[in-house]
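K.L.:
Protein sequence lines, in the order shown, are assigned to chains F and P.
Last residue of the first sequence? That's 264 in the numbering used here, and every number before it is there in order.
Last residue of the second sequence? That's 585 in the numbering used here, and every number before it is there in order.
It is worth saying that the hints were derived from the structure and are not from the lab.
Bear in mind the structure is a predicted one, so any value in this text is a computation, not a measurement.
A portion of the hints provided could be inaccurate.
Unchecked claim - Lysine-lysine pairs mimicking DSS-like chemistry, simulated, CA-CA at most 27 Å apart:
1) F/K237 <-> P/K403
2) P/K385 <-> F/K237
3) P/K374 <-> F/K256
4) P/K403 <-> P/K374
5) F/K262 <-> P/K526
6) P/K329 <-> F/K237
7) P/K329 <-> P/K452
8) P/K526 <-> F/K256
So the chains spell out like this:
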Amino acid sequence: MKILVTVKQVAAVDDDFEIRTDGRDVDPDFLIHDLNEWDNFSLEEAMKIKEAAGGEVEVVVVSVGPESVDEELRKCLAKGADRAIRVWDDSVEGSDPIAIARIIAAVAKNEAPDMLFAGVQASDHSYAATGIATASFLGWPHAAVVSLLNYTPGSKMATLQRELEGGTYAEVELECPAVLTIQLGINVPRYASLRGIKQAAAKPIDVLTPSALGLAATDVGEAGSLSRVRRMYVPAKGQAELIEGTPAEQVARLVKIIQEFKGV
Amino acid sequence: MSGILVIAEHRMDELRPVSLELIAVAVGVKAQASGPVTVAIIANDPQKYAQALSVQGVDEVICVKSAVVEFDPDAYEATVAALIAAKNPSLVLLPHSVNSLAYAPALAAKTGLGLATDAFKVEFDAGALVATRGGYGQKLNVEVDFPGKSTVVVTFRANVCKPIDAAGSPTVTQMDAPATPARGQHKKYIEAAGGGDVDIPGSEFILSIGRGVGEEDNVEQFRELAQTVGAELGCSRPIADAGWLPKSRQVGQSGKTAANCKLYIAMGISGSVQHMAGMKHVENIVAVNTDPKASIFHIARYGIVGDIFEIGEELRNQFPA
Chain F
1 MKILVTVKQV
11 AAVDDDFEIR
21 TDGRDVDPDF
31 LIHDLNEWDN
41 FSLEEAMKIK
51 EAAGGEVEVV
61 VVSVGPESVD
71 EELRKCLAKG
81 ADRAIRVWDD
91 SVEGSDPIAI
101 ARIIAAVAKN
111 EAPDMLFAGV
121 QASDHSYAAT
131 GIATASFLGW
141 PHAAVVSLLN
151 YTPGSKMATL
161 QRELEGGTYA
171 EVELECPAVL
181 TIQLGINVPR
191 YASLRGIKQA
201 AAKPIDVLTP
211 SALGLAATDV
221 GEAGSLSRVR
231 RMYVPAKGQA
241 ELIEGTPAEQ
251 VARLVKIIQE
261 FKGV
Chain P
265 MSGILVIAEH
275 RMDELRPVSL
285 ELIAVAVGVK
295 AQASGPVTVA
305 IIANDPQKYA
315 QALSVQGVDE
325 VICVKSAVVE
335 FDPDAYEATV
345 AALIAAKNPS
355 LVLLPHSVNS
365 LAYAPALAAK
375 TGLGLATDAF
385 KVEFDAGALV
395 ATRGGYGQKL
405 NVEVDFPGKS
415 TVVVTFRANV
425 CKPIDAAGSP
435 TVTQMDAPAT
445 PARGQHKKYI
455 EAAGGGDVDI
465 PGSEFILSIG
475 RGVGEEDNVE
485 QFRELAQTVG
495 AELGCSRPIA
505 DAGWLPKSRQ
515 VGQSGKTAAN
525 CKLYIAMGIS
535 GSVQHMAGMK
545 HVENIVAVNT
555 DPKASIFHIA
565 RYGIVGDIFE
575 IGEELRNQFP
585 A
């Protein structure tokens, strides 16, 4: 019994950043990396299932990215994932979410998990595409934006809730194995314990290449993508009128704004 | 390949307003797409939506009769694939909704179509489609193109484009959705629990709190503050996710829209796209945040760069009883 959890190292721009000379991305020197916020929730959901089953569930995390991604994989191992897989070589550069999904699907075919969890989206580029595209490559049933899950390992059906817009949820029964994209708030992610962090150092991170997974050069990178970034730029944005002064002065103005609204 | 196919969305017997926004987007680039605008509605009883979708600029409304009553990703994927095969559009516009996200990436991946999600602008540059979306937490705009793709699927953000009010007279046609084996089953809809006393959509004055509140014990003082100034207490997603306030108080895409709000005070809310979707239309937004670079300051009318606890206490003291 196995659950595969996909994770991503996301990037945020530093306060003052520069665009790369080709204009198609931010200069990597100005990027700050972290584990995608959503992935904490999908890993926790897998850990909850593992613990409820009394430990007979293996939780494997997989990511596509260069060596720096090991830092995020170690975080997942510290929280209790059993092992990690990272896929990379230079051919992956320029991949869009669909090309990434093709790589993850190839890993999933090897690993044959009972469930695959992905975050709804990543906080950097918010494509919300990788998980569901992975399901397509696998030919698996799938559900997007899952906010509640009832699933017993080995079961052929899962019951779940999808979070729709406007405070409405849809309850769905789904055949398994399936790909679920996991929404924030589905659980309360744990922090890694000191013991967990120590143990993580000894857990394996397998590093694979796309070709070792049987993928052709045209399956990944720009050739395997359905879109290409043409240009990035900083948009012109509105700016609030800043209320200056001491807190007392600022609030005096705020009181006036409230009273104007109330017609006082 | 020419023209634009729009997939309308409905839920619980109502057309989702984003459907009409997408039609406006399509009509806006119709001349560049050098082809008709076709709107498809996939439902068990699609005819009832046909009139609402017949707005100026639409050439054809296709009522696709589906055996599946509620949304199912496999049924929608197969149906939209059939529509694309029938119409050969250069652009397929879907709402960037939770339901579209459940099948659009699968559709594009399977058939090798171009794909961009959460776009807020589309245009044709020398005949080739360019979609603009946000990158790096919406700090940058990203232009995406689709080399070698004659059909591109774009999920387009809600609340960007104004719907067209004028009625049109498109041809209304019928089609049967292809049958798909059911791998999932919709059971029921559930409304967010908590607080029949809370009315975010109806409130004219909302004071909302976000991550800046820090911990659960700090929520109470803002509840009291909202009461003091006569505002409804709202919140952003992390506060509801943590269970500090009920989901019924959450403002944003997956929460409630501040539909009638005239004054919105955002305290300790940095301003995610999802939160702003529920409040950015409010005429008077006052944002209080320690981070002068927070996104919320880009949409607020007034900004106070400061500590929400200090400002909160000062407001409590100064507000006339």
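K.L.:
Each of the hints needs a verdict: does it hold here or not?
P.N.:
Now the hints, each set against the structure:
For the given pair, F/K237 sits about 10 Å from P/K403 by alpha-carbon distance, which is consistent with the 27 Å threshold. For a cut-off of 27 Å, the pair hint linking P/K385 to F/K237 stands: about 16 Å separates their Cα positions. A C-alpha spacing of about 58 Å is found between P/K374 and F/K256, which places the hinted pair above 27 Å, so the restraint is violated. A C-alpha spacing of about 31 Å is found between P/K403 and P/K374, which places the hinted pair above 27 Å, so the restraint is violated.
About 10 Å separates the Cα atoms of F/K262 and P/K526, which keeps this hinted pair within 27 Å; it holds. Pair hint P/K329 plus F/K237 does not hold up; C-alpha atoms about 44 Å apart against a cutoff of 27 Å. The suggested pairing of P/K329 with P/K452 holds, with an alpha-carbon distance near 21 Å, which does not exceed 27 Å. Our distance criterion of 27 Å between C-alpha atoms is met by P/K526 and F/K256, whose separation comes to about 15 Å.
Checked against the numbered hints above, the structure breaks hints 3, 4 and 6 and satisfies the rest.
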